[in-house]
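There are 2 protein chains.
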Amino acid sequence: MINEQVLNLNRNGSAIRAMFEEGARMAKEFGKENVYDYSLGNPSVEPPEEVKTAMLDVLNEESPNAVHGYMNNAGYEDVRGAIAEHLNKTYGTAFSARNILMTVGAAGGLNVIFKVLLNPGDEVLTFAPFFGEYRNYVNNFFGKLVTVPTDPETFQPVAENLAAAITPKTKALIINNPNNPTGVVYPEETIRAIAEVLEAKQKEFGTAIYLIADEPYRELVYDGAEVPYLTKYYRNTIVGYSYSKSLSLPGERIGYLVMPDELTDADEIIPGASASNRVLGFVNAPSLIQRTIKRCLDAKVDVEIYNRNRELLYSKLTEFGYTCVKPQGAFYLFVKAPGGDDKAFVEAAKKYHLLLVAGTGFGGPGYLRIAYCVDYDMIVRSLHAFESLAKDFGLR
Amino acid sequence: MINEQVLNLNRNGSAIRAMFEEGARMAKEFGKENVYDYSLGNPSVEPPEEVKTAMLDVLNEESPNAVHGYMNNAGYEDVRGAIAEHLNKTYGTAFSARNILMTVGAAGGLNVIFKVLLNPGDEVLTFAPFFGEYRNYVNNFFGKLVTVPTDPETFQPVAENLAAAITPKTKALIINNPNNPTGVVYPEETIRAIAEVLEAKQKEFGTAIYLIADEPYRELVYDGAEVPYLTKYYRNTIVGYSYSKSLSLPGERIGYLVMPDELTDADEIIPGASASNRVLGFVNAPSLIQRTIKRCLDAKVDVEIYNRNRELLYSKLTEFGYTCVKPQGAFYLFVKAPGGDDKAFVEAAKKYHLLLVAGTGFGGPGYLRIAYCVDYDMIVRSLHAFESLAKDFGLR
Chain A
7 MINEQVLNLN RNGSAIRAMF EEGARMAKEF GKENVYDYSL GNPSVEPPEE VKTAMLDVLN
67 EESPNAVHGY MNNAGYEDVR GAIAEHLNKT YGTAFSARNI LMTVGAAGGL NVIFKVLLNP
127 GDEVLTFAPF FGEYRNYVNN FFGKLVTVPT DPETFQPVAE NLAAAITPKT KALIINNPNN
187 PTGVVYPEET IRAIAEVLEA KQKEFGTAIY LIADEPYREL VYDGAEVPYL TKYYRNTIVG
247 YSYSKSLSLP GERIGYLVMP DELTDADEII PGASASNRVL GFVNAPSLIQ RTIKRCLDAK
307 VDVEIYNRNR ELLYSKLTEF GYTCVKPQGA FYLFVKAPGG DDKAFVEAAK KYHLLLVAGT
367 GFGGPGYLRI AYCVDYDMIV RSLHAFESLA KDFGLR
Chain B
7 MINEQVLNLN RNGSAIRAMF EEGARMAKEF GKENVYDYSL GNPSVEPPEE VKTAMLDVLN
67 EESPNAVHGY MNNAGYEDVR GAIAEHLNKT YGTAFSARNI LMTVGAAGGL NVIFKVLLNP
127 GDEVLTFAPF FGEYRNYVNN FFGKLVTVPT DPETFQPVAE NLAAAITPKT KALIINNPNN
187 PTGVVYPEET IRAIAEVLEA KQKEFGTAIY LIADEPYREL VYDGAEVPYL TKYYRNTIVG
247 YSYSKSLSLP GERIGYLVMP DELTDADEII PGASASNRVL GFVNAPSLIQ RTIKRCLDAK
307 VDVEIYNRNR ELLYSKLTEF GYTCVKPQGA FYLFVKAPGG DDKAFVEAAK KYHLLLVAGT
367 GFGGPGYLRI AYCVDYDMIV RSLHAFESLA KDFGLR
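Protein sequence lines, in the order shown, are assigned to chains A and B.
Start counting the first sequence at 7; every next residue gets the next number (our numbering).
Start counting the second sequence at 7; every next residue gets the next number (our numbering).
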């Protein structure tokens, strides 16, 4: 008998695999241009030119054994120092290399920090709807993920709901800002309210409750939205960052954790994260891409391309009668499923070669996630499908 | 309270960190050229030129979103297919892309396969001396590592010891061939004997016992030694490979798992490994380096450079009176600690600015690990230190 969690993953993963295979089958039968795949959060915008230039420069200018060899498990000291300085310049923080741990993407970073923080049975809170992988990450360490409902009209966190969910076993709250799957950005007032609840509960229970900020979408914001930098609002904040979306490098697996000196038990957490990076099998974040990042800290993908997709899809879907909070960040729309049954709607959409993801997997049943990190032209081609479905479901 | 295992890692890790810091301090005080650091298994030979060429070609010829984007969690289909074919050509096996999972180095691959196989309390066997990280990897999944003593004269596995250690809770045996820390290569007759014991015990207990071959040192062999390909000797074999040493790319974190169709529960293990690669936070092996590997499957570092180091160090140390099995693989010598106390000898060696690692951490107390993946000239400069220590400990 293999691992029980993995057997469950095989069972549950099969729906997405089936969708993937169905998409491939459809593309074969109807032509790739007639299938509208909105299921994957894989960046469609090209990495900025600076990335390639930096990579070539590293390969041509630096010593091969240094570029491709082992370094400290936390990452190259100079890269970590440069990132700390960049954060300080951008957000007015005061980090040094010691506070930065280079990770195998945000997913790697979150696994590292959960390994460090969680003992079996510890609880981790998150606001629903949420990125479904959080449950798997917490399960890896035999923790328990507890979801906290948001305001159903805005998907914004509700302080009272958070307060009610915290127990003496609460080790952390993980928030994803901008949010996958809703695209909502939590503004400063929301963050202040969250920090206040956490502070009060730490006092009430005499515990440390860590706020984990998962921020792969930080740079993907629209309409001038601002994403507060959380270490400035709450002492026990740990930030998980990724370059997957800001530089369109998801396959390269590069990101970092920020662990401020002010954390409760910082002197155990910081070396513990480095050791965990090692024993979990990451060992270190990939080396060439670490060295590359140092040379293009100011680079960023062209967010306007995503914004154009967002505007078109949002305006057309609402015109067709769909209901949706207008997202201010990331590259997702979280749309109310006409008829109320998200899985049924996902099935119905396939008739029009439209691939969507049911909200249920994100703790948001009754909703659909539409990943608009796709070609603009595909959106244009797909509009008739959304319109036909709207009519089929009697939206107008 | 942070995670208990991590607190222990912090305690135990401090010895190596202390050594590292002492090395840095010594280099500052006495000059880098007067410190002889044999502590780290970080390849000293440069990556073959083909690697850089392939990397530049990928960057210049392939589409950036394809090179740096997400792919299947198992890795690029074409890369996995090319590796399968390469294995088939080299070892006469019959693998296809389905049997290959691209991993974040061998360390990532081992964590993936342990996640898949182990339920809490399951036992994993390994022959001592062994790579100390195995214990941490097994601990990650609340398994139990059980060590099996080898022949003290040759460090070769002993079939009777293996048979005695297997229980109904034994889920796997992990072997490291060529071996870290001993440098010993297990020949075909040893492998046949191991396979026979495993087959018999599977029948006796009605269980599946997986043989995990950890093979980062497969290409580093000397004196014409041959490393048997284990899937040919035992049906339930899973191979973990890494390019860290064969291409001197340890920082890039690239390797793969081979999971043959013949495995008991292959249809759960193969998709389970892919899902585990995802949920453990690896998501996928770094993408650019995957695409690079496909273009240089036949490349290999210049092993003769390591061989020259091995010959010099082995001949001089035995001349000075040290006792050591002559290694046929990897880049380590595992030397009997004069006086019998490995930790005491490691301390004494520091007086001569010689940094060694105590065998205790490898389940080999009374021995010293010497990593000779260093500059030849450093070995030459360090010989007087080994000689003085031999005299201090009355070796002759």
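Everything labelled a hint here was simulated from the structure, so no lab data went into it.
Be careful, since some hints might not be right.
Any copy, or any two copies together, can satisfy a pair, since identical chains are not distinguished.
[As the list claims (entries may be wrong)] Restricting the straight-line Cα-Cα distance to at most 30 Å, the calculated cross-link-like pairs of lysine-lysine (DSS-like) are:
1) Lys-175 with Lys-207
2) Lys-150 with Lys-175
3) Lys-34 with Lys-300
4) Lys-38 with Lys-300
5) Lys-300 with Lys-207
6) Lys-150 with Lys-207
7) Lys-300 with Lys-58
8) Lys-150 with Lys-238
All figures in this text were calculated on a predicted structure; none of them were measured in a lab.
Does the structure break any of the earlier hints, and which numbers would those be?
-> Hint check: 5 fails alone, others pass.
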